[in-house]
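Q: Sequence:
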Amino acid sequence: MAKSITAKVRLRPLPFDSASIKVAAEIISLSFASDPLIRWLSRDRTGPGWETLTPTLQRWQEARLRGYAIRAIAMEAVTVSETPESVGSCFLFPPGSHYRWSDVFWWPACFKAAWDQYWAKPTEPFSDPEKIGTMMDAHHEFEDKIRDKYPSNSLYYLEIAAVKPDCQGMGVGRAIMQWVVEKLGGSPCFLECTDQKNIGFYEKYGFKVAEEKTLAQENDATSTVTLYYMIRDPEGKKYCWTCKRRHKKCDEKRPVCQRCVQAGMTCEGYKTRLTWGASDTATSTGAGVVLNPIRQPRAKTRSSRNRDVGNTGESMPNFPLDMPEFTSGQSPDELDLLCLQFESLSEELPNEDVAQKLMESFTTTGYQTLTGRAGQDTLFRSDVLPLCESSISLRNACLAYQASLSADTSRWTPIYMQSALSNYLGDLDTPSRLTQDVTLATGVLLCSVSINSLYIWSPLLKGLHGVLHARELLSNIERPPLADHLLEVVALLDIPCFTLNRITPSLDIWKLYVKPNKQLGIEQTSGLPYTLVNLLADMDSPTVENDLLQWPGEIGDDFVQIHLWEAFRFAGILHSRALVGSQDPTTSLPGKLKTEVARMRVFAAIQAIINTGTFNFQLTLAKAILYPLFIAGLLAENDQEQRLTRVAFQYLMQSEQSQTEQMILDIIAKVWKFGKGSSEVSKLMMATEAAAELNVEIHLY
366 MAKSITAKVR
376 LRPLPFDSAS
386 IKVAAEIISL
396 SFASDPLIRW
406 LSRDRTGPGW
416 ETLTPTLQRW
426 QEARLRGYAI
436 RAIAMEAVTV
446 SETPESVGSC
456 FLFPPGSHYR
466 WSDVFWWPAC
476 FKAAWDQYWA
486 KPTEPFSDPE
496 KIGTMMDAHH
506 EFEDKIRDKY
516 PSNSLYYLEI
526 AAVKPDCQGM
536 GVGRAIMQWV
546 VEKLGGSPCF
556 LECTDQKNIG
566 FYEKYGFKVA
576 EEKTLAQEND
586 ATSTVTLYYM
596 IRDPEGKKYC
606 WTCKRRHKKC
616 DEKRPVCQRC
626 VQAGMTCEGY
636 KTRLTWGASD
646 TATSTGAGVV
656 LNPIRQPRAK
666 TRSSRNRDVG
676 NTGESMPNFP
686 LDMPEFTSGQ
696 SPDELDLLCL
706 QFESLSEELP
716 NEDVAQKLME
726 SFTTTGYQTL
736 TGRAGQDTLF
746 RSDVLPLCES
756 SISLRNACLA
766 YQASLSADTS
776 RWTPIYMQSA
786 LSNYLGDLDT
796 PSRLTQDVTL
806 ATGVLLCSVS
816 INSLYIWSPL
826 LKGLHGVLHA
836 RELLSNIERP
846 PLADHLLEVV
856 ALLDIPCFTL
866 NRITPSLDIW
876 KLYVKPNKQL
886 GIEQTSGLPY
896 TLVNLLADMD
906 SPTVENDLLQ
916 WPGEIGDDFV
926 QIHLWEAFRF
936 AGILHSRALV
946 GSQDPTTSLP
956 GKLKTEVARM
966 RVFAAIQAII
976 NTGTFNFQLT
986 LAKAILYPLF
996 IAGLLAENDQ
1006 EQRLTRVAFQ
1016 YLMQSEQSQT
1026 EQMILDIIAK
1036 VWKFGKGSSE
1046 VSKLMMATEA
1056 AAELNVEIHL
1066 Y
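In our numbering, the protein residues as written are 366 to 1066.
Mixed in with the good hints there might be a few duds.
In silico SDA-like cross-links for lysine to any residue, where the CA-CA straight-line distance does not exceed 25 Å [as the list claims (entries may be wrong)]:
| # | residue 1 | residue 2 |
| --- | --- | --- |
| 1 | K827 | L847 |
| 2 | K387 | F397 |
| 3 | K486 | T417 |
| 4 | K569 | Q543 |
| 5 | K876 | L914 |
| 6 | K988 | Q1027 |
| 7 | K876 | E919 |
| 8 | K496 | Q423 |
| 9 | K827 | G634 |
| 10 | K880 | L839 |
Rather than coming from a laboratory, the hints here were simulated on the basis of the structure.
Given these sequences and hints, build the entire structure.
A: Rendered as structure tokens:
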């Protein structure tokens, strides 16, 4: 299967028919053909193996999977297309039995499995029986050991997660593991990792190595293989939540951890874990932003999960399980995603002299990088900066931002971010703080720091949305000036087309609460006309391309703004085609704008901005070319367009801190190398996956 045509996958229950089992068996054999354990088990480690797909191997593999399909939750990953193709398989064993033998519907399947086990008895043709015994003894030893640590009927076992070899690295494995994590919820699970290089992949989904076991044959001590037994246990830690997030040792003092106090952070205690609640539950200004438990007590979770297992197991292919796109999947614990990334080199905040110097720099020059591109002075200096005197959260967010602006001070950014975020979460749960502009401003600034430092940031938007909802700012169009400005900034950050590899879904804040009331003038932060932003915020509309083509424009203060708006307009057209997968109008819709022409319109506008010396006199406005440059550069088809892209990026990377721009250019170059001749959809997907591999959300304006 060519990578250029793979865009989306979804998981559905694996059908029990012979054809589906056959395909799943082939995928598993091919994906594990070079696995260290499989090669060690082989009688001839240098000879043929599972990659040969011999009939004997196929019969054994199919029989094995038929048994698994009855006892486990069997899923397959298929492409989202008119003719879905299976590209992955997953077998997750639940804590308790399905009791499918008691269901008449499953009797034919059970009979086939019984026939395989007691009469046909197919065998694996390549492996050494003695080595298989050694492997199974190690498996049962660890399984017995780990099951003793948990209540009965509480432990899952991930037997297989396999991806078709020519689809590996395209997000299929990520989609499978997202389903696994969603299915597990708060329940523990263990697996056996048979290849050391895959440990990091499983760690992304909460699994940790609990034990290593080296297998060896008695008569050949030189032939060994190491198994890595990994456990995912969301409820097994006893540290305070702040220390858990920071990966620091907790002193477990009650009611608050003294290590948190010494580090200048708010200890979040040991109570039930919290995550963002649904925004529509924050209905009163007399309560904090709703923070919901991410998991219920174990007994309740297990009970409801057993019902879910039964439903999933009984579902047949006529009832496929729709999965979210893996480019926008969410972790079950968004707060951990935010906080675990701040790995600081020090336990404590820098001394006050450092803080004072950073604050002086921020209040004189640093804050200006946060002001708008429309050429107007925003409310930041007059209304936001004075609030630092009353909020440690906002002050430390400002210090973190200023530290991020220089390589000499960037090492302090995660330290200040830890403190700012910890105190900010406390503000969200304090009714008196919730109604103040300083809480809203802190959340916005935390997004800015995270974007500037390439941290995960989009989960913060849900908390900001809760603040806006609780203060009734979303429904009230007559907002105070500062609150109105901050709402627009939050809404801009929420527009999905401006973020590469966004891990949370858009809340549609702009479309729902800004667009209906803003049809005239220039938006201060982006420097774009409201009418143009309204179109870009509605990129999933079937008429967006036509709307962008017919956009009448706005009157700007200078020609540079006009060039910038044209770049955004035609980049939006290109982006919309890449999102919906429409064919090039050169072949399907005569008379419509050609994709090549749209790209050149973007490059021409960018070249005009560079030629006018904007990077020398209006740097903030000039750097806004990042979004249109990314879109046009990503889709560049020839040497001239690629050369223009590199030249424009050189202008963007003139500043000291240009790691974001360099990363984006590296991603584009990777797509040029591996995506030549691919569709726009595939190129955008490849860029998204590249960002996902780096574990970053990249904001593009």
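Q: Does each hint fit the structure? Answer for all of them.
A: Right, here's what the structure says about each hint:
no., hint, verdict
1, K827 - L847, "holds (20 Å)"
2, K387 - F397, "holds (16 Å)"
3, K486 - T417, "holds (21 Å)"
4, K569 - Q543, "holds (10 Å)"
5, K876 - L914, "holds (20 Å)"
6, K988 - Q1027, "holds (14 Å)"
7, K876 - E919, "holds (20 Å)"
8, K496 - Q423, "holds (21 Å)"
9, K827 - G634, "holds (22 Å)"
10, K880 - L839, "holds (12 Å)"
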